[in-house]
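Taken in sequence, the protein lines are chains A and B. The opening residue of the first sequence carries number 1 in our numbering; numbering runs sequentially from there. The opening residue of the second sequence carries number 235 in our numbering; numbering runs sequentially from there.
Honestly, the hints are just simulated from the structure, not real lab data. Even for Gly, the Cβ is constructed at its ideal location relative to N, Cα and C. Check the hints yourself; a few may be wrong.
As the list claims (entries may be wrong) - Restraint-style ranges between C-beta atoms, simulated for each label pair:
#1 D320/B <-> L8/A: 46 to 54 angstroms
#2 D320/B <-> R196/A: 35 to 43 angstroms
#3 R41/A <-> D239/B: 22 to 30 angstroms
#4 A72/A <-> R406/B: 41 to 49 angstroms
#5 R406/B <-> P37/A: 26 to 34 angstroms
#6 L238/B <-> A25/A: 27 to 35 angstroms
#7 P63/A <-> T369/B: 36 to 44 angstroms
#8 E157/A <-> R324/B: 54 to 62 angstroms
#9 T369/B <-> R28/A: 24 to 32 angstroms
#10 S355/B <-> R141/A: 40 to 48 angstroms
#11 V153/A <-> T369/B: 48 to 56 angstroms
#12 A420/B <-> L8/A: 18 to 26 angstroms
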Amino acid sequence: MRARNPQLREALAAEYVLGTLQGAARRRMERSLKDDPGMRRLVAAWQERLAPLGETIEPVEPPAQVWRNIQARIQPGARRAGFWANLRFWRGASLVSTALAVALAVYLAILAPGPSAPQTRVVVLAGQQGAPAMTVSWQTRQKGPRRLRVRVVSHDEMKTGTAWELWMLPGGDRKPVSLGLVDTRPTQELVVPEPRAQAIDDAAGMAMSVEPAGGSPTGLPTGPVIYQGFSSWL
Amino acid sequence: MADLDVIADLMARCALRDQRAFAELYRQTSAKLYGVAVRILRREDWAQEVLQESFVNIWNHIADYSSARSAPMTWMTAIVRNRSLDWLRRPNQERGDEDYDLLVEALPDGAPGPDVILGASRDARALTECLKQLTGNQRQTIMLAYTHGLSHGELAQHLRQPLGTVKTWIRRGLDKLKGCMEGSEAAN
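Bound conformation, chain A alone (with noise of 0.2 angstroms):
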């Protein structure tokens, strides 16, 4: 059963931020914040509004073992030292017009999708001021090859040499897939195939990065990644 009214709404948000929302209203306010955008903005403001407040709150260092506990329980395999040192995302203006900076801002999140309909996926790819780059669009849970509609909102020069290779992050600590190269056209069409076409519906988010011409030579990203974005999840 959800509230409606817009001032009951606005105090559950409150004080469930607050903290004094108990028992089983509080439950209730988490499981609807699930499914009501609305009610996750309200709560987002309240966040926002109060979190001045812990600024009194005086820091205490943890004990080391706390860490150790988190690193492993976020690696159930190998170490992947290495890979990610390949992104140079801190380095390595070279291959990357001086006007844009090589680090990354997450930016918006789209749509609430309904788990079965085919609904329309937008993930909007932005480079470090937030500013939106490009939006890449398509049709959720159909069968078959998806169709991926790629729309240049701005860009910045691409080098003679150079390519840019779209990436689907599929979330995790699974490696990017190559989706293919984009241009600055300002609309564009990559088609991506089965099997991968079913895990695109599923990506955490999609990046752009800049490789030599042809595209990446190894299979994941070798370049600076300029542009980002993710997709929302329920």
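With chain A held as given, fit chain B onto it using these hints.
What follows is chain B alone, placed relative to chain A:
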């Protein structure tokens, strides 16, 4: 306090599974977040569990985070607070009587005056100004609820007031804060 742009950059790298960035994120933010958990839970063993679970959550759900929606520390603090409050409010997990007495001893008696200073950031200054517009009781109950995770019932007990009175102070205080902060939010 770590520079917030650095934190946002670290989080972006974490989203791409850069574990060194995650280690650095932990190094820069864990003391503050552990402090939040300790203040609410009053027990370090519980706070350590919560901190651990929170950071594992942060790693697993970093793709959910959007800088367009909230500041990085706000997002991470919310995770820690929610886990702490959930921990506290588990059935049979109320703070023990001994813990409660210690808690009561440690809390300030008087209402924090209008001069409570939260910090120098723009958001902190806006909230400080708006807190001044609340009555002492409204301000005190809100701050105790937020920083110490006190329930309505615990606040009523600590302040020796009827439950209804405490609930009203909080509700009115929050309403006033919203009205006041929306004014400064609009200005920015």
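Quick rundown of the hints versus the structure:
no. : hint                                  : result
1   : D320/B <-> L8/A: 46 to 54 angstroms   : 23 angstroms, violated
2   : D320/B <-> R196/A: 35 to 43 angstroms : 38 angstroms, holds
3   : R41/A <-> D239/B: 22 to 30 angstroms  : 24 angstroms, holds
4   : A72/A <-> R406/B: 41 to 49 angstroms  : 47 angstroms, holds
5   : R406/B <-> P37/A: 26 to 34 angstroms  : 28 angstroms, holds
6   : L238/B <-> A25/A: 27 to 35 angstroms  : 33 angstroms, holds
7   : P63/A <-> T369/B: 36 to 44 angstroms  : 41 angstroms, holds
8   : E157/A <-> R324/B: 54 to 62 angstroms : 57 angstroms, holds
9   : T369/B <-> R28/A: 24 to 32 angstroms  : 30 angstroms, holds
10  : S355/B <-> R141/A: 40 to 48 angstroms : 44 angstroms, holds
11  : V153/A <-> T369/B: 48 to 56 angstroms : 50 angstroms, holds
12  : A420/B <-> L8/A: 18 to 26 angstroms   : 23 angstroms, holds
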